[in-house]
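Let chain X serve as the given structure and place chains C, P and V on it in line with the hints.
Number of protein chains: 4
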Amino acid sequence: MTRQRENYREDVAGRANVEDTPELLAYYDELERFDAGALWTVANKIEPWEPQSTSKPVIWRYADLRAHVLRSVDLVTPEKAGRRVIYLNNPGRQDVSAAVGWLYSGLQVMHPGEVASAHRHSATAVRFIIEGRGAYTVVDGHKMTLGANDFVLTPNGTWHEHGVAEDGSPCIWQDGLDIPLMNALEANFYEVHPDLNQAVAHPVDDMTKTWGNAGLLPSGGDWDKAYSPMYKYEWAPTYDALQKYAAVTDGSPFDGVMMEYVNPHSGGPVTQTMGASMQMLRPGERTKAHRHTGSYLYHVTKGAGHSIINGTRFDWKEHDIFCVPSWAWHEHANASDREDACLFCLNDLPVMRSLGIYREQAFGENGGHQPV
Amino acid sequence: MTRQRENYREDVAGRANVEDTPELLAYYDELERFDAGALWTVANKIEPWEPQSTSKPVIWRYADLRAHVLRSVDLVTPEKAGRRVIYLNNPGRQDVSAAVGWLYSGLQVMHPGEVASAHRHSATAVRFIIEGRGAYTVVDGHKMTLGANDFVLTPNGTWHEHGVAEDGSPCIWQDGLDIPLMNALEANFYEVHPDLNQAVAHPVDDMTKTWGNAGLLPSGGDWDKAYSPMYKYEWAPTYDALQKYAAVTDGSPFDGVMMEYVNPHSGGPVTQTMGASMQMLRPGERTKAHRHTGSYLYHVTKGAGHSIINGTRFDWKEHDIFCVPSWAWHEHANASDREDACLFCLNDLPVMRSLGIYREQAFGENGGHQPV
Amino acid sequence: MTRQRENYREDVAGRANVEDTPELLAYYDELERFDAGALWTVANKIEPWEPQSTSKPVIWRYADLRAHVLRSVDLVTPEKAGRRVIYLNNPGRQDVSAAVGWLYSGLQVMHPGEVASAHRHSATAVRFIIEGRGAYTVVDGHKMTLGANDFVLTPNGTWHEHGVAEDGSPCIWQDGLDIPLMNALEANFYEVHPDLNQAVAHPVDDMTKTWGNAGLLPSGGDWDKAYSPMYKYEWAPTYDALQKYAAVTDGSPFDGVMMEYVNPHSGGPVTQTMGASMQMLRPGERTKAHRHTGSYLYHVTKGAGHSIINGTRFDWKEHDIFCVPSWAWHEHANASDREDACLFCLNDLPVMRSLGIYREQAFGENGGHQPV
Amino acid sequence: MTRQRENYREDVAGRANVEDTPELLAYYDELERFDAGALWTVANKIEPWEPQSTSKPVIWRYADLRAHVLRSVDLVTPEKAGRRVIYLNNPGRQDVSAAVGWLYSGLQVMHPGEVASAHRHSATAVRFIIEGRGAYTVVDGHKMTLGANDFVLTPNGTWHEHGVAEDGSPCIWQDGLDIPLMNALEANFYEVHPDLNQAVAHPVDDMTKTWGNAGLLPSGGDWDKAYSPMYKYEWAPTYDALQKYAAVTDGSPFDGVMMEYVNPHSGGPVTQTMGASMQMLRPGERTKAHRHTGSYLYHVTKGAGHSIINGTRFDWKEHDIFCVPSWAWHEHANASDREDACLFCLNDLPVMRSLGIYREQAFGENGGHQPV
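Quick mapping for you: the protein sequence lines, in order, are chains X, C, P and V. The numbering used here applies: residue 1 is where the first sequence begins, and numbers increase by one. The numbering used here applies: residue 1 is where the second sequence begins, and numbers increase by one. The numbering used here applies: residue 1 is where the third sequence begins, and numbers increase by one. The numbering used here applies: residue 1 is where the fourth sequence begins, and numbers increase by one.
Next comes chain X alone, as it looks inside the complex (with noise of 0.2 Å):
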């Protein structure tokens, strides 16, 4: 039956405008009978200017999720679970249950001794730790140790678990993921490992003591996977080096002094889909506004400050979640003269590279500067 249609027009020269007429109404209605449409009537909206990003810039406040993540540790097992993980459910993406973009993100809690089941995916993940003593998680029969500003890689295809030790304290940590990414790619596979756990088959922390050291590696050290063999990054060298960076340079305008993670064996990013970098804001920096593709979900690691993001101003401190959705507006201030301030940072940047469509532009106007 012939209706009323949405045609997205625009008097545009080279756009699609055209009006309903019974007899396009009547061809409309015909084509959808073979499985088909007219261009012009979507042309407009499947065309956009520029990127309309359907996340919302949000924060999620660490004062305000650290209480009901513990909580969860009493509500729920962590046999009937799977994992005690709270979500962070972007308002604009909560139909593929992302925290920006294609980017998943959430909150988990263990309790010493506890060790999750062991498994794999095609998603890619990434455990940066909040806080807590004893956190550990297994690649592929490689252990890592965990400290708080740690983060650790277990890519696509590997099977992983995470625990904590029976001496330690409980943990807390975030997750960072391209579960929404592998979903619509329907490319995702998922297996339980067959033995629930995984036989440790390397000395502890053997990945990063191998690859994690500057301008060496390993003398024929073959490495033929696409993800990074340094499982673990740790804070203190990453800390000391934005120190040892900041000496010699002035710094990007939008960004400080910024650092991308990297695969030590190709100079490449961490995985094939993920980036991560972590950027350091001088005391009483501000930097200018730029916006680029990419879903970007930073994490604050040290002190305190703001973003503003499409005009809206978030402030933040450490433990702090934030996103900035692609092509949206967003400049960084850290609050402090004194103290400088630290921001890791989540990304799908590693996509946009290598489909050859990452973008960038500098805010031109009000020297800048956002208006607010």
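Don't take every hint at face value.
As the list claims (entries may be wrong) - In silico DSSO-like cross-links for lysine-lysine, where the CA-CA straight-line distance does not exceed 30 Å:
id: 1; chain 1: X; residue 1: K45; chain 2: X; residue 2: K80
id: 2; chain 1: V; residue 1: K56; chain 2: X; residue 2: K244
id: 3; chain 1: P; residue 1: K302; chain 2: C; residue 2: K244
id: 4; chain 1: C; residue 1: K56; chain 2: C; residue 2: K288
id: 5; chain 1: C; residue 1: K288; chain 2: C; residue 2: K317
id: 6; chain 1: X; residue 1: K302; chain 2: V; residue 2: K244
id: 7; chain 1: X; residue 1: K45; chain 2: C; residue 2: K56
id: 8; chain 1: P; residue 1: K45; chain 2: V; residue 2: K56
id: 9; chain 1: C; residue 1: K317; chain 2: X; residue 2: K225
id: 10; chain 1: P; residue 1: K56; chain 2: P; residue 2: K45
id: 11; chain 1: X; residue 1: K225; chain 2: V; residue 2: K45
id: 12; chain 1: V; residue 1: K56; chain 2: V; residue 2: K244
id: 13; chain 1: C; residue 1: K302; chain 2: C; residue 2: K56
id: 14; chain 1: P; residue 1: K56; chain 2: P; residue 2: K302
id: 15; chain 1: X; residue 1: K288; chain 2: X; residue 2: K302
id: 16; chain 1: P; residue 1: K317; chain 2: P; residue 2: K56
id: 17; chain 1: X; residue 1: K244; chain 2: X; residue 2: K56
id: 18; chain 1: P; residue 1: K244; chain 2: C; residue 2: K225
id: 19; chain 1: X; residue 1: K244; chain 2: V; residue 2: K302
id: 20; chain 1: V; residue 1: K45; chain 2: P; residue 2: K56
id: 21; chain 1: P; residue 1: K244; chain 2: P; residue 2: K302
id: 22; chain 1: C; residue 1: K302; chain 2: C; residue 2: K288
id: 23; chain 1: P; residue 1: K288; chain 2: P; residue 2: K56
id: 24; chain 1: C; residue 1: K302; chain 2: X; residue 2: K80
id: 25; chain 1: V; residue 1: K302; chain 2: V; residue 2: K288
id: 26; chain 1: V; residue 1: K80; chain 2: P; residue 2: K45
id: 27; chain 1: C; residue 1: K225; chain 2: V; residue 2: K225
id: 28; chain 1: P; residue 1: K317; chain 2: P; residue 2: K302
id: 29; chain 1: V; residue 1: K225; chain 2: P; residue 2: K80
id: 30; chain 1: V; residue 1: K225; chain 2: P; residue 2: K45
id: 31; chain 1: X; residue 1: K244; chain 2: X; residue 2: K302
id: 32; chain 1: X; residue 1: K225; chain 2: V; residue 2: K225
id: 33; chain 1: X; residue 1: K225; chain 2: P; residue 2: K225
Claimed, not checked - Facing chain P, according to a computed beta carbon distance under 10 Å, are these residues of chain V, among others:
id: 34; residue: K45
id: 35; residue: E50
id: 36; residue: S72
These are computed hints drawn from the structure, not numbers from a lab. Positions of the beta carbon are idealized from the N, C-alpha and C atoms, including for glycine.
What follows is chains C, P and V alone, placed relative to chain X:
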């Protein structure tokens, strides 16, 4: 307010299986206030055991669509419509106007003397000629003439425009683009050429004459783009290549004699997001079933036969188009014992490979053939 | 005992300029005892201002050599000689038996029904057919048939053997190898095939039929070697490619219409140590002079003309061979106003590029032409 | 005139074995007139069964050379000598002034306040500090300060100059360059800086502070050179890396705990022509023998021990230098049961790998140890 939830429970070790309780329902409501949720309520949904494509296997018969395509000439002007295109609207992907997965496709018609306005966008396009004389495409100032079963690339970011020569005949072609993917990745930009048309700045067909020679490249020929400089791939040498290759290969059990179109500068795919292949089913050939990640859109270039996709038989002949969704079982058969049949295929294999998520499986039972 | 020395003195700031004294001469003798020396006595010698090739420009005329090559058949048996080859012995490189730089070349003859014993070595070879019918080469079990102006690769480490079919005619070809380079780099291994001959394990000419198609590669065709899988490059498609390219290019001022033979799997050179190109001098074409690092050995494939190399004119015609040493000025001219002339070139450009030492300079004076 | 020849005859199937006859001798003379020869007279010479290095295994003891190096200060001025360097002159390579293979090396001394004139050349250099305070090197405007056992790169084509700070002490270092290779490849250019000295245009040590951080690179840090941007590699983090790696590896049976210095931007070698490694022989460690292509020059960085090279024992201690020619058997032993010993190694492995000619063999007999 509390309500019952679909928690996607599974009674399998390592999977979430939590029953709603009043306490939990209150907890879920509380989490929503902070843009958060409990992972165990969605875990099994977002971590499926294997990919669940939302696309349906569909065949679009040229006999059905051709008249409708031609009729569009009478119904809309190029000025109003932008382009006169009937797009393939997969019943499972109408929200994103995709033919399959994240691939858009449509049939476009143009009359002699017509020329579309030039534009560029983040989406990459392939234009495969079905019928007519005199079609041409201009890509960044390079004019490529096009005959039946030739195809031309208009990659991400290139200015391009299509036309038909004054002394040509009405032309119909199939467009294939990654528009849905670019939108999903929130990286789609669109721009109309300031002059609405480009000047032709190089000898006609120069890119294919320069780069389209087996085992030979122009000396000192620099090329710093990630897509192929051989903008046009012609049918005659393609069919000749299939014949030559067929003479020395057993072929693939799943695909017969299959070749991939490549970027001669790198040996890689023609673009970063879309790949293309041509395969020949030899007289009487019937392949075995397999499945793999990635979305495939086939165009019957020559001959007739059928494909079985997830247990349903689709009979096809010249210029029919059909799709195979990600992880769908599929096998092909040539209907003729005397003539070969050829299938052009547009796919997102470069995305699967760049992101490390290509996966393939042979159908193990029943001699490799699906029960229909 | 002290003696006068050649200290290569130069009176230029930053260069060594030390006069012998009795004290210094005694010091030098003392250093010799410890296998040491004073750098300033050799510094200017080992750090020249620019490359000083020891190779001489030479032309080898086919009219001179052909009879001698044929005569070898009467003088030695294949069993005793291994292969009946007259090699090109550059007057400046007789110590390493090179035609130019580190490239060896020779003319080989073989009679119908003859076949050389199979062997392999670290040296990479190219075999360019000059005359005769029925020549073939077997490379790692792949038999390639060869006609005039075709060439075949027998890369580093591949088992290979040459033969002429029973129903062929006496064949003469040019061999080009990097034997001198492999010896200089002290990496040359040689092995005779345990059976003296290999079995042909694949359809004849399969590698070229599989890999030698413009813009198309076999689907799923893995190739993990660093050399080209397209073992044979034929003359007819090469000449056709030159014609096509010539129609759309201005050509190089130094080389006319020039194409490089490439590995279709990577777009890179045919082997890691030797490259090959074919260039066409159009009717009446006279190029300008330039020079570059790398050693070049030309084989006149078609036509007649002359080249001026470091100020000396060398007239050439079909099947003559001439060399251009590293950093020698050179320019070419076609003798005909009606016919094109073609030059095949074997070179060590891949070495220059892999090691980052390729360098090029145009001749700036006299309209780009050397005074003769 | 005819004369007897050395034809390198071998009585092995597939090898040349032709006896001189008057007729052949006349033929050879005739060929010489055309700058040609008969391959079978040299075939076995130029195609050896395995590499025959002309380099001799040599040890240069620091105790022997140090006084001579220091004495050069009294004997020549920097202005006259260019640089005061005692070079290592392998008895088998005196024609090319090489320490081993195509590698040059020398010991250079400089007094506080001295600075060499800036120059650049096609040769790539490594400067390894032996003793003294205040050494520095400027590379393309980047000043790097250097302590004992640090080394700095001055790659192909970079402007560079060495100096010692006014408040430093006399410094001695080892230079390692590929000068002989650049000359052999006829690609060596040399240029004196127009101002004789460069301006320091960046913060001191910026390249190492920017690029020398484990698993982290500067965000947006573009680097388009083929050599490492981490110009300086320091001893302290190197030794620390060896300790960390030693804790989790069994090590190599041939080399103990060995790491390669890499370009952090690519994971590849520090330069395109020379590689470097540091290896640790653990207390009491004695390795097994192997051989490989490539020329190796060792500098004892720490401890004492011995190496057996082609059956000859060489005892070494701190700052001794010794060489292992291509394809020479070698094994190492630490003399101490309490202290580790460390060997820095400069080699041409990147050349071997880029050209596809690296090859390795374990010594199979006698438990892996050479008879001495």
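Of the numbered hints stated previously, which ones are contradicted by the structure, given in increasing order?
-> 1, 2, 9, 11, 12, 17, 24, 29
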